[in-house]
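> Here's the letter readout for the chains.
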Amino acid sequence: MLSRVADSIYWMGRYLERSENYARFIDVNFNLMLDLPPSEKEQWEPLITATGDRELYISKYENFDRFNAIYFLAFDDENPNSLLSCISKARGNARTVREKLTKESWEKLNEAYLFALEGKRKKIWQFEDPRGFFTEVKYSIQLLYGIEDNSVARTEEWYFRQLGQFLERADKTSRILDVKYHVLLPSPDEVGSTIDILQWTSLLKSVSGFNTYRRIFGEISPSGVVDFLVLNKYFPRSIFFCLCEAEKCLYKISDSSGHGFTNSAEKALGSLRSQLEYYDVSDVINYGLHEFLDNLQIRINEVSNAIHQNFFKIEHDQSFQQMDQ
Amino acid sequence: MPNVSYTHNDSYDEMVDISGQCRPHYLKFKKLLEEIPDEKLREIQQSTERAQLSMGMTFNVYHDNQGTEKILPLDIIPRIMSGKEWQRVEKGLKQRIYALNLFIQDLYNDQKILKDKVIPQEIILSSSNYLKPCEGLTPPREIWCHITGTDIVRDKDGKFFVLEDNLRCPSGVSYLLESREIIKRAFPTLFNKIGVRPVSDYPNKLLHLLQYLTDSSKPVVGLLTPGIYNSAYFEHSYLAQMMGVELVTGQDLVVKNDHVFMKTTQGLQQVDVLYRRIDDTFLDPKTFKQNSMLGAEGLFDAYSAGNIALANAPGTGVADDKAVYAYVPKIIKYYLDEDPIIPNVPTYLCSDEKERQYVLEHLPELVVKETNAAGGYGMMIGPKADKNEHQKFAELIRKNPRNYIAQPTLSLSTVPTLAESNIEPRHVDLRPYILYGEDIEVIPGAFTRVALRKGSLVVNSSQGGGSKDTWILYE
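Protein chains in written order, with this note's numbering: chain P, 17 to 341; chain U, 269 to 743.
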């Protein structure tokens with residue numbers, strides 16, 4: 017397939033997943049606030065920090081109130097990662113490669129974009145309860161995934177989109193966990209308190225993982241949640257699971273056996289995956305959760321750069337000479 | 269049904285005759301239309317617009333800084349043509365394209381038609397669409413104009429005239445195909461009752477045509493687009509998708525040793541045929557415009573060397589020049605020894621002194637067009653323009669007579685159209701598509717453009733026009 021098309025599809029996968037995750041971010045934080053004692057102030061700052069766009073936010077807004085935060089995360093054109101920016105970029109990418117998408121995929125994505133745009137027009141961030149909107153965005157993207165799952169042929173196009181989707185999801189799950197790191201508890205004594213547990217619970221709910229967690233671990237505990245969201249082999253939003261899926265995509269793309277690596281992208285991803293494979297949760301906690309997540313995000317970026325080098329910016333003169341001989 | 273208010277003016281109406289009687293081929297449809305309540309009709313119209321929006325059936329409007337994407341409004345009331353009427357149009361178009369193809373081949377090779385002084389040499393050589401690099405070239409299978417969209421209009425007596433030949437990159441066919449799908453949903457029960465000829469195999473026919481242009485046993489076909497900012501990008505991606513071929517931009521291509529390759533994730537892959545939707549002079553910065561970023565360097569050399577087929581062939585635009593258009597009846601006579609089945613609109617060439625004089629004296633009655641412009645730009649409709657504009661065009665013509673032609677204002681035919689309060693007549697033109705491969709084939713359907721504003725004659729999508737589904741009946 018054309019390098020340009022692969023590039024667009026990969027990023028379409030990333031942006032779509034990112035916009036869905038932003039909808040989740042806002043939803044989870046909103047839920048969290050509902051359970052706070054009336055004396056506590058809403059905390060939107062940790063969420064902004066976890067997205068990595070804190071500096072941009074501070075340059076534009078004076079405080080971290082709910083309206084500003086939700087506007088910034090969901091609708092601000094000047095925030096390149098806002099939900100609307102991402103869905104608009106996903107749709108832009110889809111438009112450039114529309115001939116590669118099924119009619120249904122394109123139409124659902126286009127409709128999701130129009131819906132998000134409509135949300136801005138309706139000033140959703142000023143609603144008393146904006147959750148319906150974000151749930152709808154989440155579902156429309158999930159619907160799109162469902163349609164694709166059942167209609168897209170498992171050829172390169174599919175694997176490039178999946179690759180983008182799973183790398184993005186691994187990154188975003190790490191950021192969701194990081195929110196908890198940044199959320200301040202009323203006092204250090206509150207660790208393990210009702211509030212603490214409520215926060216971990218709503219975090220699990222934000223990744224649609226609460227019921228699954230209950231079945232596997234039973235009791236809500238910080239280390240259990242970290243174990244579940246970082247290292248679980250079966251849950252489709254755990255970081256380890258996402259990295260394994262992404263790695264399979266890379267092997268499919270280069271049509272290799274999956275033993276060892278054939279290019280620098282496989283190498284970078286394979287070594288990250290195998291590190292997690294042999295970690296247990298105490299290793300993560302000992303490393304320091306925040307530091308661990310920080311490092312993970314950097315390494316996912318490195319994988320993404322290697323993908324770019326290997327598939328989107330191939331040295332075409334070289335491959336031509338090989339063909340010529 | 270809302271009242272079909274027809275106060276007849278000068279125009280020919282496609283549905284009712286001058287006495288207000290419904291023409292036979294519209295009877296079944298009109299009866300059905302009368303059974304649909306007004307609100308229902310408006311509901312269908314609204315859902316049509318929603319469908320277009322969801323489908324992203326949009327085009328980019330140039331010279332428009334506000335929102336770059338717009339839908340081309342699709343009026344739900346179709347334009348219907350009887351099988352018999354169509355047969356004549358079909359025959360006339362085949363004749364025209366066959367002759368034009370012979371003409372282009374002759375121009376770039378023996379130039380017999382110039383030597384025989386049927387067309388003045390300077391008209392050709394001064395055309396900006398005449399491409400010197402094509403001299404001596406014969407494209408694969410001796411076909412130059414593979415895909416043509418010819419604009420046809422009807423005068424007040426119902427007679428057809430060719431308004432212009434679009435031989436380079438005619439657009440609109442995707443609207444024809446997609447509109448049909450939408451209208452099928454709007455009037456699901458009608459189609460087989462009325463006997464509408466299908467159009468959906470167009471992409472298949474186009475693919476066969478393109479594959480026919482190469483000897484390769486497993487032809488690699490691509491559609492070359494200027495990219496997402498082009499107003500017809502929707503169509504480019506639509507056709508590539510429907511044919512299952514690669515949609516490529518210039519940057520995806522690289523030319524080595526006179527062969528053309530695409531840059532893929534697995535390295536380079538050779539391309540055999542390109543359906544190009546980029547204008548001639550943007551195809552290759554090496555041979556043509558040096559500053560073009562749209563094409564691929566060396567593409568023309570690869571084409572000259574016979575290593576890639578291009579559709580439409582570069583150079584076809586010479587027959588698009590509106591001054592050359594004036595000679596098409598003579599071209600048909602010269603190569604085929606036949607009279608044109610569909611005549612031209614009478615055309616005055618401003619390069620001719622006598623005709624120019626006439627044009628300058630009759631500007632308020634005439635339509636003046638730039639010989640090399642398209643999309644409704646660079647034209648003046650005499651009766652609708654004011655004195656200042658007449659003056660402006662008089663000067664333009666005097667300054668550069670070769671650049672202008674003039675035609676009498678035709679009163680285009682009308683088709684019932686859903687207007688604000690009623691169904692009212694609106695002016696239309698007709699763009700059928702002709703494919704020239706192993707045979708010449710006219711697609712039984714057309715892109716009908718409609719001037720949605722009351723009384724307006726301007727149907728161009730870039731100038732506020734809309735479209736209609738065009739039904740060609742079996743009988």
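Among the clues, some could well be false.
Footprint (simulated), chain P over chain U, 3 or more residues, beta carbon under 8 angstroms [unchecked claim]:
| no. | region |
| --- | --- |
| 1 | 317 to 326 |
| 2 | 503 to 511 |
Derived PhoX-like pairs: lysine-lysine, alpha-carbon spacing no greater than 20 angstroms straight-line [as the list claims (entries may be wrong)]:
| no. | chain 1 | residue 1 | chain 2 | residue 2 |
| --- | --- | --- | --- | --- |
| 3 | P | K105 | U | K338 |
| 4 | P | K119 | P | K105 |
| 5 | P | K329 | U | K524 |
| 6 | P | K76 | P | K154 |
| 7 | U | K524 | P | K119 |
These are calculated hints, taken from the structure and not from any lab test. What you are looking at is a predicted structure, and each value in this text was computed from that prediction instead of being measured. All residues carry an ideal CB built from backbone N, CA and C; glycine is no exception.
> For every hint, state whether the structure bears it out.
Hints and how they fare:
no., hint, verdict
1, 317 to 326, "holds (count 4)"
2, 503 to 511, "holds (count 4)"
3, P:K105 with U:K338, "18 angstroms, holds"
4, P:K119 with P:K105, "18 angstroms, holds"
5, P:K329 with U:K524, "18 angstroms, holds"
6, P:K76 with P:K154, "27 angstroms, violated"
7, U:K524 with P:K119, "36 angstroms, violated"
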